[in-house]
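Asker: Spelled out from the first residue to the last, the chains are:
There are 2 protein chains.
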Amino acid sequence: MNTECFQQLEKVIHERGRMGIMSLLAASPELSFTDIKQMLEMTDGNLSVHLRTLQQAGYVQVSKTFARNRPLTTCRLTSEGKTAFERYIGLLERIVRQNRS
Amino acid sequence: MNTECFQQLEKVIHERGRMGIMSLLAASPELSFTDIKQMLEMTDGNLSVHLRTLQQAGYVQVSKTFARNRPLTTCRLTSEGKTAFERYIGLLERIVRQNRS
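Going line by line, the protein sequences match chains A and B. Residue 1 is where the first sequence starts when you use my numbering, and the numbers rise one by one after that. Residue 1 is where the second sequence starts when you use my numbering, and the numbers rise one by one after that.
Careful, some of the hints might be misleading.
Given that identical chains are not distinguished, each listed pair holds provided it fits within a single copy or across any two copies.
Unchecked claim - Restricting the straight-line Cα-Cα distance to at most 30 angstroms, the calculated cross-link-like pairs of lysine-lysine (BS3-like) are:
| id | residue 1 | residue 2 |
| --- | --- | --- |
| 1 | Lys82 | Lys11 |
| 2 | Lys82 | Lys37 |
| 3 | Lys64 | Lys11 |
| 4 | Lys11 | Lys37 |
Source of the hints: derived by calculation from the structure; they are not laboratory data.
Could you build all of it, start to finish, from the sequences and the hints given here?
Answerer: Spelled out as structure tokens, the structure:
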């Protein structure tokens with residue numbers, strides 16, 4: 001068994017909530033804060049904290065705009081975020097394969 | 001995308017170090033404390049703490065014996081641990097598949 005892959009799992013992405021956020025954003029060009037919150041059943045506070053961590057890592061870009069005179073917060077993966085998430089999923093795949101063989 | 005699987009990932013197993021320990025133990029009938037420590041490049045303190053968490057969850061059984069007059073600590077998965085780990089790997093597999101499609 002190759003044990004390096006465990007150490008290589010990036011903590012920023014590995015946390016369950018952030019893994020969910022990254023997965024959703026990897027599947028859509030962009031999502032609103034409200035969409036993500038509802039899909040992952042998170043509180044405002046929890047989602048904000050996770051998004052900040054992902055922003056600080058340079059993986060997610062958060063934009064504040066207005067739609068129909070109401071503030072709208074949208075999130076998208078940066079290209080760095082896409083690369084990091086693909087690498088992360090590749091590691092998970094290896095871990096699953098090792099455990100299945 | 002099914003977002004339930006993120007919430008279902010069990011925290012006890014999801015932490016990277018414990019994921020490594022569970023993977024190694026799932027692949028062997030039993031391993032010594034020293035084997036695991038070396039394979040995962042962990043400190044004594046770190047491995048002890050993780051093993052205690054896994055023991056408290058009922059997933060790992062730790063036995064202290066003697067070999068050639070020296071104390072020997074061995075670890076093995078309980079049947080509950082095997083079931084929980086298979087379920088965990090099944091969830092990871094779903095997450096990987098969702099992200100690949």
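Asker: Hints first: check each against the structure and report whether it holds.
Answerer: Going through the hints against the structure:
1. Lys82 with Lys11: For Lys82 and Lys11, the Cα distance is within 30 angstroms both inside one copy (16 angstroms) and across copies (25 angstroms).
2. Lys82 with Lys37: Intra 20 angstroms, inter 33 angstroms, cutoff 30 angstroms: intra-copy only.
3. Lys64 with Lys11: Within one copy only: 27 angstroms inside a chain, 33 angstroms across chains, cut-off 30 angstroms.
4. Lys11 with Lys37: both (21 angstroms within a copy, 20 angstroms between copies)
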